[in-house]
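Just so you know, the protein sequences line up as chains P and Y, in that order.
Quick note on UniProt numbering: the first sequence kicks off at 1 and runs consecutively.
Quick note on UniProt numbering: the second sequence kicks off at 1 and runs consecutively.
A few of these clues could be false.
[Said to hold, decoys possible] The list that follows gives simulated cross-link-like pairs (lysine-lysine, DSSO-like), each with its CA atoms no further than 27 Å apart:
1) Lys-162(Y) - Lys-192(Y)
2) Lys-5(Y) - Lys-113(P)
3) Lys-116(P) - Lys-5(Y)
4) Lys-5(Y) - Lys-162(Y)
5) Lys-97(Y) - Lys-166(Y)
6) Lys-192(Y) - Lys-113(P)
7) Lys-254(P) - Lys-174(P)
8) Lys-192(Y) - Lys-71(Y)
9) Lys-3(Y) - Lys-116(P)
10) Lys-116(P) - Lys-263(Y)
11) Lys-86(P) - Lys-302(P)
12) Lys-228(P) - Lys-263(Y)
13) Lys-113(P) - Lys-228(P)
14) Lys-99(Y) - Lys-192(Y)
15) Lys-192(Y) - Lys-263(Y)
16) Lys-113(P) - Lys-99(Y)
17) Lys-254(P) - Lys-3(Y)
18) Lys-55(Y) - Lys-228(P)
19) Lys-113(P) - Lys-65(P)
20) Lys-42(Y) - Lys-55(Y)
21) Lys-118(P) - Lys-263(Y)
22) Lys-55(Y) - Lys-118(P)
23) Lys-166(Y) - Lys-99(Y)
24) Lys-263(Y) - Lys-162(Y)
25) Lys-162(Y) - Lys-97(Y)
26) Lys-86(P) - Lys-174(P)
27) Lys-86(P) - Lys-254(P)
28) Lys-118(P) - Lys-254(P)
29) Lys-3(Y) - Lys-118(P)
30) Lys-42(Y) - Lys-71(Y)
31) Lys-99(Y) - Lys-3(Y)
32) Lys-55(Y) - Lys-71(Y)
33) Lys-192(Y) - Lys-228(P)
34) Lys-166(Y) - Lys-263(Y)
[As the list claims (entries may be wrong)] Restraint-style ranges between C-beta atoms, simulated for each label pair:
35) Gly-258(P) - Val-36(Y): 26 to 32 Å
36) Thr-160(P) - Gly-126(Y): 22 to 28 Å
37) Phe-184(Y) - Tyr-275(P): 49 to 55 Å
38) Pro-189(Y) - Phe-120(P): 32 to 38 Å
39) Asn-63(P) - Thr-129(Y): 16 to 22 Å
40) Val-36(Y) - Glu-274(P): 31 to 37 Å
These aren't lab readings, by the way, just hints derived from the structure by calculation.
Values in this document were obtained by computation on a predicted structure and should not be read as measured data.
By construction, the Cβ of each residue, glycine as well, lies at the ideal position given by its N, Cα and C atoms.
Here's the letter readout for the chains.
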Amino acid sequence: MKTADPALNTGKKTTRARMGNRVREGITGWTFVGIAALLIFIFFFYPMIQALILSFQTGTGMNLKFNGFDNYTRLFTDSMFLTAVKNTFIYLIFQVPLMVILALFISVLLNDKNLKFKGFFRTAIFLPCITSLVAYAVVFKYLFSSDGLVNAMLLNLHLTNTPIDWITDPFWAKVTIIIAITWRWTGYNMIFYLSGLQNIDSSIYEAARIDGASAIRQFFSITVPLLKPIILFTSITSTIGTLQLFDEVVNITKGGPGNATTSISQYIYNLSFEYSPDFGYAATVSYSIVIMIIILSFIQFKVAGERNG
Amino acid sequence: MAKTKLTFTYLFLIVAAFVSIFPFFWMIVSSTNLSVEVTGGKLLPGAHLIDNLTKLTESVDIWNAMWNSAKIAVSTTILAMLIASLAGYGFEVYRSKAKDIVFNILLLSMMIPFAALMVPLYRMFGQITNFIPFIGIDTPAAVVIPTMTTAFLIFFFRQSTKMFPKDLLEAGRMDGLSELGLFFRVYMPTMKTSYAAAAIITFMSSWNNYLWPLVILQTPENQTIPLLISNLGSSYSPDYGVIMIAIVISTLPTALVFFLMQKHFVAGMVGSVK
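Next comes chain P alone, as it looks inside the complex (with noise of 0.2 Å):
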């Protein structure tokens, strides 16, 4: 880059120089950007059609040949990927409301006036998220496992009589998962709803105090209408992270017992590196998410947009 000419600061500007100077500004502004938007076109979005090409393609390796809509209607006639995405959903329809309310509840707690400790029970509760979710996963895996602490606990406490096979049942490994993934990302969520409500002038909940509302209806014609911006974004992106589960499956069941627990990320990775590789069906799962998630986000937008209007 160039030093900029000490005349055109010194000396009366004419307006060539100013235009010069912004011409070359608008240049300099597009070096700045360029990097980025560079690096962002050849790892995101030419990846993406390369990915949109080789859902259209069979074979293994360099050997492709184009066999048309064959992978998009192998879709619903395989059995494992309508297993991976019923799977998916059911994490997503539980776990997404189950951590978006209470990571508001606890925010909302957390605002307090007169709560003490405040730093401390903040601290706490993020914790979860400086973990990677590899560490929590196995760590989570031992503390379920059917002679684990968790069970230990349980039947101490006689809540149970027989320990609980978390892992190896079908419907428990279902739970743990959720159990999992929500200890994990209601602290992350929880700052976010923090910051936007440290965001409303205190002054609209007394007015609403003085006009005799309670907590609870403060709570919904208040603080749930002012934050929703937030509650969008954050329930858009736990949705975008939720369909992109795999760590955990991967970490905690290894997705079993059976398939019972297998994500759509964990099967598009077997279908590339565990199984025979299929470049052109993994691809083709993979385009499947993608719109998955423009459907659901369009969704969570448009309920938004009308509770707004």
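With the hints as your guide, set chain Y onto chain P.
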């Protein structure tokens, strides 16, 4: 009435904090106990920390995995800070309609799931291997390169730049600084907090990244810490104490970064919502 509400609040938060902290407590305590003690439900610190550590370092090269992860996380963070802040600054300071369109297109990349990119990226690096082996498959560079630019970070820096006092730029221009000089000498020092927050977020996600390293790194010499932990966790007859000490070691760097810079972290998260 207000008092019962506050009691309930404390009770609920104590339970939530306990649930959040307990796995950490268990993992630290277990790392000092023998495997049989861990499965026996022992919840007090034992005397076997050094034994477990010795067994761990004899069976796997954890220090090498830590070093690999550190190399990758540090270089990703440095490159990401530079590239993303240049872009965020560029989008906010030199605004134009065309740039806004490009910015919105870049944001769309946030919706692309990594699973959709995995196979094409793997093939891309497969081809690169033939020409430039040191950034091809099974190299740390191949982990860094696709992850060093994210739309989220560009968005983050653009949002932060909105609060940057632009008068400083005019003053700098008067003093004869070049446009790039303005960025390095005026913008960067002013935006230290934003850089700190972004660096923490990037370091943590790079350190903890699993799927892409799993795909692209193949030899044990190059494996990162999450890959090593995953392998330990899937072993047939797990030695709990040994695995827990490995997990504790792997969590230390991110825990340290978090506790040293907690204030910036929260500020950074807040900045990203505004």
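Evaluation of the provided hints:
no. : hint                                : result
1   : Lys-162(Y) - Lys-192(Y)             : holds, 15 Å
2   : Lys-5(Y) - Lys-113(P)               : holds, 13 Å
3   : Lys-116(P) - Lys-5(Y)               : holds, 14 Å
4   : Lys-5(Y) - Lys-162(Y)               : violated, 40 Å
5   : Lys-97(Y) - Lys-166(Y)              : holds, 20 Å
6   : Lys-192(Y) - Lys-113(P)             : violated, 30 Å
7   : Lys-254(P) - Lys-174(P)             : holds, 12 Å
8   : Lys-192(Y) - Lys-71(Y)              : holds, 23 Å
9   : Lys-3(Y) - Lys-116(P)               : holds, 13 Å
10  : Lys-116(P) - Lys-263(Y)             : holds, 18 Å
11  : Lys-86(P) - Lys-302(P)              : holds, 24 Å
12  : Lys-228(P) - Lys-263(Y)             : holds, 26 Å
13  : Lys-113(P) - Lys-228(P)             : holds, 22 Å
14  : Lys-99(Y) - Lys-192(Y)              : holds, 25 Å
15  : Lys-192(Y) - Lys-263(Y)             : holds, 13 Å
16  : Lys-113(P) - Lys-99(Y)              : violated, 43 Å
17  : Lys-254(P) - Lys-3(Y)               : violated, 47 Å
18  : Lys-55(Y) - Lys-228(P)              : violated, 52 Å
19  : Lys-113(P) - Lys-65(P)              : violated, 65 Å
20  : Lys-42(Y) - Lys-55(Y)               : holds, 20 Å
21  : Lys-118(P) - Lys-263(Y)             : holds, 14 Å
22  : Lys-55(Y) - Lys-118(P)              : violated, 41 Å
23  : Lys-166(Y) - Lys-99(Y)              : holds, 19 Å
24  : Lys-263(Y) - Lys-162(Y)             : holds, 21 Å
25  : Lys-162(Y) - Lys-97(Y)              : holds, 17 Å
26  : Lys-86(P) - Lys-174(P)              : holds, 11 Å
27  : Lys-86(P) - Lys-254(P)              : holds, 17 Å
28  : Lys-118(P) - Lys-254(P)             : violated, 38 Å
29  : Lys-3(Y) - Lys-118(P)               : holds, 17 Å
30  : Lys-42(Y) - Lys-71(Y)               : violated, 37 Å
31  : Lys-99(Y) - Lys-3(Y)                : violated, 55 Å
32  : Lys-55(Y) - Lys-71(Y)               : holds, 25 Å
33  : Lys-192(Y) - Lys-228(P)             : violated, 31 Å
34  : Lys-166(Y) - Lys-263(Y)             : holds, 25 Å
35  : Gly-258(P) - Val-36(Y): 26 to 32 Å  : holds, 31 Å
36  : Thr-160(P) - Gly-126(Y): 22 to 28 Å : violated, 51 Å
37  : Phe-184(Y) - Tyr-275(P): 49 to 55 Å : holds, 50 Å
38  : Pro-189(Y) - Phe-120(P): 32 to 38 Å : holds, 33 Å
39  : Asn-63(P) - Thr-129(Y): 16 to 22 Å  : holds, 19 Å
40  : Val-36(Y) - Glu-274(P): 31 to 37 Å  : holds, 34 Å
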